[in-house]
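If you read the protein sequences in the order shown, they are chains A and B. Numbering follows our numbering, in which position 608 of the first sequence is assigned residue number 973; successive positions increment by one, without gaps. Numbering follows our numbering, in which position 474 of the second sequence is assigned residue number 839; successive positions increment by one, without gaps.
Simulated from the structure, these hints should not be mistaken for lab results. It should be emphasised that the depicted structure is a prediction, and the values quoted were computed from it without experimental measurement. There could be a bad hint or two in this list.
Treat identical chains as interchangeable: a pair holds within one or across any two.
The calculated DSS-like cross-link candidates involving lysine-lysine, where the alpha carbons are at most 25 Å apart (straight line), are [to be verified]: (1) K758 <-> K937; (2) K385 <-> K590; (3) K425 <-> K608; (4) K937 <-> K425; (5) K885 <-> K598.
Number of protein chains: 2
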Amino acid sequence: MAVNTENPGFCRSRLEELLKKRFFYCPSYEIYGGIGSFWFVYYGPPGMALEQNILNVWRKHFVYEENMLEIGTSIVTPHEVLETSGHVSKFRDWMCKDPSTGEVFRADHIIKEILLSRIKKRVESGLEGEKVEGGASGTKFDTLDESLSRIREYEDIISRIDGYDGEGLSRVIEEYDIRNPATNVRMEGPVGFNLMFATEIGPKGNMTGYLRPETAQGQFLNFNKLLEFNNGKMPFASVVVGKSFRNEISPRSGLLRMREFTMAEIEHYVDPLNKDHRRFNEVENVKMKFLTREIQMSGKEEVIEMKIGEAVARGILENTTLAYFLARIHLFLIRIGMNQEKLRFRQHMNNEMAHYASVCWDAELLTSYGWIECVGCADRAAYDLTVHSEKTKEKLVVRELLPKPMEVTEWVVNVDKKKIENLKFPSSLFTIEQVKKTISVREYIPNVIEPSFGIGRILYSLIEHSYWIRSDDVDRCVLSFPPIVAPVKCLLVPLSNNSAFDPIIDKLSFELRQLGISHKVDDSSAAIGRRYSRNDELGTPFGITVDFQTVNDGSLTLRERDTTRQIRASEKEILRVIKELSEGLISWDDVLKDFPIFNKQITDIPEITDLYIRE
Amino acid sequence: MAVNTENPGFCRSRLEELLKKRFFYCPSYEIYGGIGSFWFVYYGPPGMALEQNILNVWRKHFVYEENMLEIGTSIVTPHEVLETSGHVSKFRDWMCKDPSTGEVFRADHIIKEILLSRIKKRVESGLEGEKVEGGASGTKFDTLDESLSRIREYEDIISRIDGYDGEGLSRVIEEYDIRNPATNVRMEGPVGFNLMFATEIGPKGNMTGYLRPETAQGQFLNFNKLLEFNNGKMPFASVVVGKSFRNEISPRSGLLRMREFTMAEIEHYVDPLNKDHRRFNEVENVKMKFLTREIQMSGKEEVIEMKIGEAVARGILENTTLAYFLARIHLFLIRIGMNQEKLRFRQHMNNEMAHYASVCWDAELLTSYGWIECVGCADRAAYDLTVHSEKTKEKLVVRELLPKPMEVTEWVVNVDKKKIENLKFPSSLFTIEQVKKTISVREYIPNVIEPSFGIGRILYSLIEHSYWIRSDDVDRCVLSFPPIVAPVKCLLVPLSNNSAFDPIIDKLSFELRQLGISHKVDDSSAAIGRRYSRNDELGTPFGITVDFQTVNDGSLTLRERDTTRQIRASEKEILRVIKELSEGLISWDDVLKDFPIFNKQITDIPEITDLYIRE
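Next up, chain A with everything else stripped away, as it sits in the complex (with noise of 0.2 Å):
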């Protein structure tokens, strides 16, 4: 597994240990004891602030953006409808258990566990080998050559074991001997766990629902509605932001792979015969990094960096609106924050796809847990819309008014009718002949490009990403988040209790409130110094001090979390910066060309002293 290499100082558990202190997140039932384990997450305040930034940022990057229609579809949905879409019977994953204690284990993720630990083994033991006992020669070890071929084995299934079904698994499983490791007892199954959680609608018990697996199948049930609402007009996209569920066997990694977690997922309804993206102009020179399906069945993980233009005329991308979608994807993620040499497009092996999908890149950010997909984009071309339509004999199409009438020629079978009703069938019953005939309304079903946002792994990623520790002082950590997306925008902080600050802070408080500027009050005791240090914590960009000068002249410094510089000003230009700042208009650089650098030392007044030493 890969990691965060590139950030020599992480430490997860440090981490870990800031954004519980700080209340971003915890589980969420904690004080129930064995039940609160990381299956179900709690955001605090500032984990939900974020949340809710980058959900913004996200409605204006896309949805606005592109006057998409957002939405909102039941989160428990019928039977009939996830049968239909395939859900029922192979939204699943494997699940092995061992029969000494009844523990269950997602089968690919043991399998994978334990193989890399054997490889593991064999390296640190000078490639001796796993000891064979038992066998009719007694204790034996592997040659050099048998066991280099042994650890490629290894890795071979590792790296194809998204592929495997049932049957593949329980092979490796016997094959390989997979054991529980606690107790060395050997798997059995493994056998398909369905991940939807079911649920009884009604009173009368003969009605089954589920909590829906991803928001698409709402959207697609209806899709004449959208389509009419859009006058018609081709292409367009629909969009919902909600919850959905997976029963996930054994959840692990903390926001990467909870039961329950946000999505933002967009269809984007087009012409099956024309995938051509009218605004991909506007990023064909945008830069990315692909790991192609080629690459990896080469055995390697290197990416080749280039245009998304070139990624196209090279024949990588297939059309330019998932290529314009991928582009839209990289922005979104570099503009919230993450760190671009961290962030790489992976396309999926033909056998890891989703049982819609005919196409499927994940956008991939590197964190501590490796490579984690955060956000997915597939072709799903006419599938969901065909079964639901095929199911419920409602026909879910585009009628384009075709520019002049275009002829085609169909085979049709004709009946004699006279002859039905005399209820005799004699071979001349039927004619099949080939017609003629001109049509002006081209009808035919809208393939669907998926691009879906896991909000949850974003979240995530970005604080890894965020994260760091100022070199000259290792006990404060900084989440350097971008100002459109911190959680808190403004920190204001009265240099000292002294009543003469509390109307001051009132006031201010008041017009940041009616600037629409989140902020935050910190008039508690603690050293200044200190108070700042507390908000670093948190990623709030800004910070307003309120001092004795502020009293006589009405002038504030304002300071920035990164460098931790200060400018003064009137409050009035002040609060003109800080929305500019905190709406992504201006840069913390356009302001230190319109305002110098404040650092007189303000010697005078006892409680200052500790700021400016400090900072």
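Please build the complex by placing chain B on the supplied structure of chain A, with the hints as guidance.
Relative to chain A, chain B alone:
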């Protein structure tokens, strides 16, 4: 049942048709036929935008205004939590069944419906009463007096029906011979039906969970962390906005009783010994309508109108925190556009309160379904924090440093440990005595005041309160949403499909996007009056027309929805005005003070005639 008498032209089926046509909302699974009846709702783009805008105003009005802590909690909740909260045993309705068909009914609803129809029948037939057949005396009619007294009996049951338990309902069914109107078969039951959707968590089948019936429990469980995040300061509030679920026995009434619905809940934690609200003086003069418990017990529905300060002074409201929130709820509902004449605050009767509430007031809105509870404001006292604390042994308390140490007197039990060790239990083992001790920290479980908003009900009531029909044209309906909540703020219409307008529309659309003003371009070929009319039905408050004069001098017309009046000004001025209007900073009347009404009829361009003739 009261009707929307102040809106005489109101016809619900016509409104429903409009809502369907303009895709505000629809049943979730319509194309799947049977399962699609109105239990789960699907919001189309205007409904979704309306919900989001209501929630945005809500957040500004409540959350940001008072620095409430908004958090995110999970929907799936383990059995133990909801068992402790009392929901497993008490969150139920009574259900009765027609044994001949298996059909189930909510007992209170069917009783009420049948008694109402009996009253109606008696009144219509000149108070003759039901025919009683098959008795010893054959067909029998009540006398006038008997009939009047019977009507009073029915009315009495109806008014108290919310307070009946299973036994009471059973007695009514038997005594009043309640039968299924469709089959004339006597009802069986009632039996209690728990309204929570149940599901299994994880693959082992040994962990039951429920979809949360309210968002409150998730907030209580993390009280300690919230208090710490708030630097230990009291009072404060936590907030959750999200979906809750109730597995209704027989849902009906559209958006008013859904199985899945959006709630916005505030849990305000307060010292039980001091429920004064710091900011009550800001609202004490707000005039509101109250329907007190006493008035209801007298069998009347007359509200008394008074300032909220007076209601506190007269003891109608227990404390100023409860009063503060009722006034703030009132102001919020008016702000989003509710008709003040159709808003009242009703006190719960003792027997209708939820199991956790000690006091409860509902904000009720008058709709064509009668008075609808849209916001509940309950005092949950220390109920929830106490039960979770007892169950988990985790103290959920506030520790308050006393201004000066305080002497308290307690009874203590002294145990002689030595004797316990010897396992002898003589009577001298325990001594009980009164002791005095000095404490410097007071520890208490806070009380919780809970304003709880049903967003779907608010949304529906707002639609009814905003709906009217132009007196000069009965085909033209309008939804007069205030600009701050209107789904789309501005319509952009080119006068015709002349291509000279395209770049102007594109540029305006870009500018509006930069300003964050949601807008819609209607460049369809429909007459301009028709296009405006269509958007009146969407509640779009403003419209910009681009005409030939725009091509020449860049000026635009801006139309207001309710008055259909227009002004004409430069692009810059129009954009500024529309921004301020959309944010509710100025009103249309303010605009008319600065700009003359524009009504110059342009006759040389044929397309425009329609606009000025129709409007």
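Checked hints:
Taking the shortest Cα distances, K758 and K937 never come within 25 Å of each other, neither inside one copy (64 Å) nor across copies (52 Å). For the identical chains of this complex, K385 and K590 are inter-copy neighbours only, at 10 Å across copies versus 45 Å inside a copy, given an alpha-carbon limit of 25 Å. Within a single copy, K425 and K608 get their C-alpha atoms as close as 20 Å, and across copies as close as 24 Å, so both meet the 25 Å cut-off. Only between protomers do K937 and K425 lie at most 25 Å apart by alpha-carbon distance; the minimum there is 23 Å, versus 28 Å within a single protomer.
For the homomeric pair K885 and K598, the shortest alpha-carbon distance between copies (14 Å) is at most 25 Å, but the shortest distance inside one copy (46 Å) is not.
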